[in-house]
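**Q** What follows is each chain in one-letter form.
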Amino acid sequence: MRNCIKILFFLLVPFGLNAQVDSLRKLLVHSPDGEMQHNLCRDIYNFYEEQNRDSALLYAEKKIAIARKCGKRVPEAYSRISKAYQLTGLGRLGEAYRSLLDAFAIIDDPKLPQKEDWQLSVAPFKGDVRKLLRSYAHHISGILMLRTENIQQQIFHFSEAGRIGTEINYAPRQMLAYMNLGLVYLSINKLDSVLYYENLSQQIAYQSGFKKFLGIVKFTIGDVYKAKGDDATALAYYHQGVQWGKEENNLNAWNRAYMRLFRHYFAAGNGDSALYYAVNNLRLIHEMGQISGTETNLGVAYEYLSKGYQLKHQFDSAFKYQGMALTIKDSLNRIRIRSLSDLQNLSFGEQLRLQNLEKERSMYQNKVRTYALLSGIVVFVLVAVILYRNNRQKHKTNKVLESTLSNLRSTQSQLVQSEKMASLGELTAGIAHEIQNPLNFVNNFSEVNTELLTEMKDELNKGNIDDAKAIADNVIGNEQKINYHGKRADAIVKGMLQHSRQSNGVKELTDINALTDEYLRLAYHGLRAKDKSFNAAMKTDFDKSVGSINIISQDIGRVVLNLITNAFYAVADKKKKGIDGYEPTITVSTKKNDGKIIITVKDNGMGIPQHVKEKIFQPFFTTKPTGEGTGLGLSMSYDIITKGHGGELTVTTQEEEYAEFTIVLPI
Amino acid sequence: MKVLVVDDEQDMQTLFLQRFRKEIRDGKVDFVFAISGEQALEYMKENDHEAILILSDINMPGMSGLELLEKIKQKYVAPPPVVMMITAYGDAENYNTAIKLGADDFLTKPVDFALLKEKLKL
Numbered sequence: 001m002r003n004c005i006k007i008l009f010f011l012l013v014p015f016g017l018n019a020q021v022d023s024l025r026k027l028l029v030h031s032p033d034g035e036m037q038h039n040l041c042r043d044i045y046n047f048y049e050e051q052n053r054d055s056a057l058l059y060a061e062k063k064i065a066i067a068r069k070c071g072k073r074v075p076e077a078y079s080r081i082s083k084a085y086q087l088t089g090l091g092r093l094g095e096a097y098r099s100l101l102d103a104f105a106i107i108d109d110p111k112l113p114q115k116e117d118w119q120l121s122v123a124p125f126k127g128d129v130r131k132l133l134r135s136y137a138h139h140i141s142g143i144l145m146l147r148t149e150n151i152q153q154q155i156f157h158f159s160e161a162g163r164i165g166t167e168i169n170y171a172p173r174q175m176l177a178y179m180n181l182g183l184v185y186l187s188i189n190k191l192d193s194v195l196y197y198e199n200l201s202q203q204i205a206y207q208s209g210f211k212k213f214l215g216i217v218k219f220t221i222g223d224v225y226k227a228k229g230d231d232a233t234a235l236a237y238y239h240q241g242v243q244w245g246k247e248e249n250n251l252n253a254w255n256r257a258y259m260r261l262f263r264h265y266f267a268a269g270n271g272d273s274a275l276y277y278a279v280n281n282l283r284l285i286h287e288m289g290q291i292s293g294t295e296t297n298l299g300v301a302y303e304y305l306s307k308g309y310q311l312k313h314q315f316d317s318a319f320k321y322q323g324m325a326l327t328i329k330d331s332l333n334r335i336r337i338r339s340l341s342d343l344q345n346l347s348f349g350e351q352l353r354l355q356n357l358e359k360e361r362s363m364y365q366n367k368v369r370t371y372a373l374l375s376g377i378v379v380f381v382l383v384a385v386i387l388y389r390n391n392r393q394k395h396k397t398n399k400v401l402e403s404t405l406s407n408l409r410s411t412q413s414q415l416v417q418s419e420k421m422a423s424l425g426e427l428t429a430g431i432a433h434e435i436q437n438p439l440n441f442v443n444n445f446s447e448v449n450t451e452l453l454t455e456m457k458d459e460l461n462k463g464n465i466d467d468a469k470a471i472a473d474n475v476i477g478n479e480q481k482i483n484y485h486g487k488r489a490d491a492i493v494k495g496m497l498q499h500s501r502q503s504n505g506v507k508e509l510t511d512i513n514a515l516t517d518e519y520l521r522l523a524y525h526g527l528r529a530k531d532k533s534f535n536a537a538m539k540t541d542f543d544k545s546v547g548s549i550n551i552i553s554q555d556i557g558r559v560v561l562n563l564i565t566n567a568f569y570a571v572a573d574k575k576k577k578g579i580d581g582y583e584p585t586i587t588v589s590t591k592k593n594d595g596k597i598i599i600t601v602k603d604n605g606m607g608i609p610q611h612v613k614e615k616i617f618q619p620f621f622t623t624k625p626t627g628e629g630t631g632l633g634l635s636m637s638y639d640i641i642t643k644g645h646g647g648e649l650t651v652t653t654q655e656e657e658y659a660e661f662t663i664v665l666p667i
Numbered sequence: 001m002k003v004l005v006v007d008d009e010q011d012m013q014t015l016f017l018q019r020f021r022k023e024i025r026d027g028k029v030d031f032v033f034a035i036s037g038e039q040a041l042e043y044m045k046e047n048d049h050e051a052i053l054i055l056s057d058i059n060m061p062g063m064s065g066l067e068l069l070e071k072i073k074q075k076y077v078a079p080p081p082v083v084m085m086i087t088a089y090g091d092a093e094n095y096n097t098a099i100k101l102g103a104d105d106f107l108t109k110p111v112d113f114a115l116l117k118e119k120l121k122l
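Heads up: the protein sequence lines correspond to chains A and B, in order.
The opening position of the first sequence corresponds to residue 1 in the numbering used here, with each subsequent residue numbered one higher.
The opening position of the second sequence corresponds to residue 1 in the numbering used here, with each subsequent residue numbered one higher.
No wet-lab data here; the hints were simulated from the structure.
Treat the hints loosely; a few may be bogus.
List of simulated lysine-lysine pairs, BS3-like, C-alpha gap at most 25 Å [as the list claims (entries may be wrong)]:
| # | chain 1 | residue 1 | chain 2 | residue 2 |
| --- | --- | --- | --- | --- |
| 1 | A | Lys457 | B | Lys22 |
| 2 | B | Lys100 | B | Lys119 |
| 3 | B | Lys45 | A | Lys613 |
| 4 | A | Lys494 | A | Lys576 |
| 5 | A | Lys576 | A | Lys544 |
| 6 | B | Lys121 | A | Lys462 |
| 7 | A | Lys126 | A | Lys111 |
| 8 | A | Lys131 | A | Lys115 |
| 9 | A | Lys624 | A | Lys487 |
| 10 | B | Lys22 | A | Lys469 |
| 11 | A | Lys615 | B | Lys71 |
| 12 | B | Lys73 | B | Lys22 |
| 13 | B | Lys119 | B | Lys2 |
| 14 | A | Lys539 | A | Lys577 |
| 15 | B | Lys100 | A | Lys615 |
| 16 | A | Lys643 | A | Lys613 |
| 17 | B | Lys22 | B | Lys71 |
| 18 | B | Lys2 | B | Lys121 |
If you anchor each label on the Cβ, the simulated ranges turn out as follows [claimed, not checked]:
| # | chain 1 | residue 1 | chain 2 | residue 2 | range |
| --- | --- | --- | --- | --- | --- |
| 19 | B | Asn96 | A | Thr652 | 42 to 50 Å |
| 20 | A | Glu656 | B | Gln10 | 46 to 54 Å |
| 21 | A | Lys576 | B | Arg25 | 55 to 63 Å |
| 22 | A | Glu656 | B | Gln74 | 42 to 50 Å |
| 23 | B | Pro80 | A | Lys539 | 50 to 58 Å |
| 24 | A | Gly547 | B | Gln74 | 52 to 60 Å |
Residues from chain A that keep clear of chain B, each with C-beta distances beyond 12 Å, as calculated [what the hints assert, rightly or not]:
| # | residue |
| --- | --- |
| 25 | His239 |
| 26 | Asn391 |
| 27 | Glu657 |
Keep in mind the model is a prediction, meaning the values are calculated, not measured.
Even glycine gets a Cβ: it sits at the ideal position worked out from N, Cα and C.
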């Protein structure tokens, strides 16, 4: 059915516009469907829009009624804006304003649908209808403001219309907004701005094919050239304005172009031309409706006619029209003033309403704020309660943890104590066993000696002096052995005491480099005293930044001495093997690294085999020939460094190459 | 009877010779000494099955007495020599290890030579 109408529409075009509207009217009478009725009214409205304001207003109202009946809010709002436009054109500004407010109320309704399947205007639109409506409403607001001569409001509304039109990329809205912005700038004589906006508008019109208002753009550009004194160009544009007005059935544009042509010819003193345009102007105004905009109205038409007759020296006609012009202008002025005050009252009322709204809103906001605050407080209290509970729980847990910790601490100290005891016990067991070796000799040799002395006595009794002497030698040898092993037992016990004694040494600030150097010398001289042939290269690498730290210097000194003695022993041992080109070397170095003091003692001796390395810090473990070492040196050193000073004693080695002992002491 | 005494302490040799001087004089026993496990093995290799009794210390530098015991018991299967361990460490762990490895007897230091003589039936 709709297609049929379209076909009809196109068929009708050549037969004349009025015939086409008549047939649309007929269709409307028979149309049962809301959308179709709306579309027919829309087309009829569009036909009358710039041709006859009263008819256009009628169809705008019909469209509103249809939309309301169908519950179509978007078409309703759109038609309300159209209605406002027609009312503005008719000078009924108060009503126009009310219609606009109704439209804005719908636009601002959050429940307004975003899409609309009814086609609202000449061009279909698929985008955000709310934005389309807003752009249109701002545009008509701008036109309404043209009547109030409030330039700022005009620029604001047309700019908004243009901005939103660009946002939704809808050419008619853009084109019209820029066109009217140009007109606003013309009224304040900003010619460059006028040209900019009118050219933009013209460009969009040509590109989009929306040329209905191109006539207005043309004569406005003509006005710019007129103002610049370029009459020829201005005239050409005026004629284009007339041409586009005729072509697009835009009587408003056509008529306003005529007015300009009249003014031009009147000023030029061309009576015939002036009168021609004045007469046609009046005809067009009659056709459009009684009252039009401020620029085009019956009063102006009569005035121009009067002026035209004056120029033609037909003074009676001139006088007659002048009188009519005055009467009309007077009434028009009264209407205009009433209309403006209407508008003012309305806008005052609207302002009051807006103020009330604002009040309500602020009250509502206050309420909301109060509620937000209250709920905030509730949440806060809740959080506080939860935090308090958590805190209490934490507190409890902390108490439990604290007692656990103190339990742990006492357990730990007990453990340390028991480990000490264990270590002492281990040591004691070790000592007890280790001491059996010398005791074995002491006991057995003394027993043997008793036997030998008895035998010697027998020999002496027999007079065998030589035999007796030989036995005496044996006894002496055994006595020496007894003495030696007795001393050995003594050394073992002393070592044990050293190992296990409660460290009553006090930690004092000690220069690590000086200490290390001192014990290096001590070790060297000690060894040289035993073996004069011994010699070894001693290298030192002391880091001056090491400085002094708190240690039990005697203990650390013993460790250093022990490590250095071991190192000398290792190199001496390797030297004995007679390896060619071997140079016994001992390197002692200190270093400060990562908040720790590091002392290393390195020898280039035979190194330590893996299976030995594992046992090296165990008490009584020694690789020295029996009797030469107690096997307590390194285990004691280990205890001093780890237990006594909280440090580390480690060894790295390469068999037959080197052994390096490292003491790490915390500062 | 040939007895191989293995002990890292040199004085052990003197002690054995003096303690058994009468038995040696009477030709009842003959002692051979080694101061390390390695040396003991060397001797045994050279003088196959000559020693019928081995008295070994446990704590020695290098090869320990227990290692020596293990090697002897693995190598000399038929008839294996009698091995007695003599050590200052008479604790249970040492004892059990020695017995497990096949030690025939276990003596502690100081050596009770009267007891040893009894065991050797001398």
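**Q** Going back to the hint list, which numbers does this structure go against?
**A** Of the numbered hints, 3, 4, 5, 6, 12, 17, 19, 20, 21 and 22 do not hold.
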